[in-house]
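S.K.: Residues per chain, in single letters:
2 protein chains.
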Amino acid sequence: MDEHFMKEALKEAKYAYELLEVPVGAIIVYDGKIIGRGHNKVETLKNSLSHAEIIAIDEASKSMDAWRLIDSTMYVTLEPCAMCAGAIVNSRIKRLVIGSLDPKRGCAGSLINIVNHPSLNHRVEVETGILEKECTEILQNFFKELRKIKEINHSKSLDK
Amino acid sequence: MDEHFMKEALKEAKYAYELLEVPVGAIIVYDGKIIGRGHNKVETLKNSLSHAEIIAIDEASKSMDAWRLIDSTMYVTLEPCAMCAGAIVNSRIKRLVIGSLDPKRGCAGSLINIVNHPSLNHRVEVETGILEKECTEILQNFFKELRKIKEINHSKSLDK
Numbered sequence: 001m002d003e004h005f006m007k008e009a010l011k012e013a014k015y016a017y018e019l020l021e022v023p024v025g026a027i028i029v030y031d032g033k034i035i036g037r038g039h040n041k042v043e044t045l046k047n048s049l050s051h052a053e054i055i056a057i058d059e060a061s062k063s064m065d066a067w068r069l070i071d072s073t074m075y076v077t078l079e080p081c082a083m084c085a086g087a088i089v090n091s092r093i094k095r096l097v098i099g100s101l102d103p104k105r106g107c108a109g110s111l112i113n114i115v116n117h118p119s120l121n122h123r124v125e126v127e128t129g130i131l132e133k134e135c136t137e138i139l140q141n142f143f144k145e146l147r148k149i150k151e152i153n154h155s156k157s158l159d160k
Numbered sequence: 001m002d003e004h005f006m007k008e009a010l011k012e013a014k015y016a017y018e019l020l021e022v023p024v025g026a027i028i029v030y031d032g033k034i035i036g037r038g039h040n041k042v043e044t045l046k047n048s049l050s051h052a053e054i055i056a057i058d059e060a061s062k063s064m065d066a067w068r069l070i071d072s073t074m075y076v077t078l079e080p081c082a083m084c085a086g087a088i089v090n091s092r093i094k095r096l097v098i099g100s101l102d103p104k105r106g107c108a109g110s111l112i113n114i115v116n117h118p119s120l121n122h123r124v125e126v127e128t129g130i131l132e133k134e135c136t137e138i139l140q141n142f143f144k145e146l147r148k149i150k151e152i153n154h155s156k157s158l159d160k
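These protein sequence lines are chains A and B, in that order. If you count the first sequence from 1, position 69 lands on 69 in UniProt numbering, and the numbers rise without skipping. If you count the second sequence from 1, position 40 lands on 40 in UniProt numbering, and the numbers rise without skipping.
Please keep in mind that the hints were generated in silico from the structure rather than gathered at the bench. No experiment lies behind these values; they were computed from the predicted model shown. There may be inaccurate statements among the hints.
Same chains, same label: a pair holds when it works inside one copy or across any pair of copies.
SDA-like cross-link-like pairs, simulated, lysine to any residue; straight-line CA separation at most 20 Å [unchecked claim]:
(1) K104 / K133
(2) K104 / N116
(3) K41 / E59
(4) K62 / E21
(5) K104 / G129
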C-alpha cells in the first residue's frame, strides 16, 4: 500500500521535472483516499512557499474543510525541509512516508528532527526508504540534466 | 524605524485578535516600503498554513514577482514557529525583527535555531525585543479573554 501511494507521489515529482523544477512530489491520504497532492513549483509560481508538501497540505485542508489533518498520511519523494516539516507538525499529519533522505537540509531527522521534537506538541510517525531508488534517481537525473544545460549555455556564451 | 514597522505588525496582530485568532501579525519591508502583510487566520481559513508570516511572504513574493525576497526585512510580533522560520530561510529574507520571544516553539533561537543554522544555505540577521511589551501584552490579553470565555461556556453547560 505504501509503495502504491509513493508511486502517486512520484507521478507528482515527474510533473515537477517536466516544469524544470527540482522533482519532488507529495500526496496526502486519508481513509485510503488521496485528499491532497502537490509538486514543487517554486520557479514556476515565483514563490518559495510552493513546495510539494505545502501545496498538498493546502489542498488537503480545503478538501477536509479543517486545519487538523488528523489520521492522515503524507507520502513525499524527498525528506521535507524545515518549512515543510514544520507545516507537517502544524497540520497534525499522523504519518510521514519518505522516499529519499536529504542529509543536507532534511528535517525529519537527517539535519534536524522537527517532526519528532520532544518539546513540540505533535509528533509524527516516520517511515523511510519506500521506493528510495526511484525517488533518488529522479533527483540525480534532474541535476545531471541541469548541469548539461548549464555547460551548453556556458559554451554558447564563450562562442559569442 | 524598527518601532514604526513593528507598530504595523501589531496592527495586523490586532486584526487577528478581532477574529478570535491567536494575535500574531507580520509585515515585510523592502526599500522602506511594506511589500507584504499578514495576520494569523488558521481558524478563520481552516488552514494550518495561514500563519501571519506565511501570508506576508506570499503577498511579498507576488508584489516582487520573485521567490527570493533579498534585502527585505520581516517584522513579526511573535518569534516564528518551525514552519515560518523555514519559510523565512527559503525566501532569503535578510533581516528578521521579533517583538516577543516564544520559548515553547520559537525557531529563531528559543527552541531551535532554524534562521541561523550552520548547515543551511541562508542565514538571517535577527533582532529581538522591539516593542516587546506591547507584542507580549496582546497575546496575554487574548489568552486571558479566551480562558474567561471557556469558563463562561463551561458554567453554562453545567447549568443545563
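S.K.: Determine for every hint whether it applies to the structure shown.
M.R.: Evaluation of the provided hints:
| no. | hint | verdict |
| --- | --- | --- |
| 1 | K104 / K133 | within (18 Å within a copy, 38 Å between copies) |
| 2 | K104 / N116 | both (18 Å within a copy, 15 Å between copies) |
| 3 | K41 / E59 | both (15 Å within a copy, 16 Å between copies) |
| 4 | K62 / E21 | between (25 Å within a copy, 19 Å between copies) |
| 5 | K104 / G129 | within (17 Å within a copy, 32 Å between copies) |
Violation of the numbered hints given earlier is absent; every hint is satisfied by the structure.
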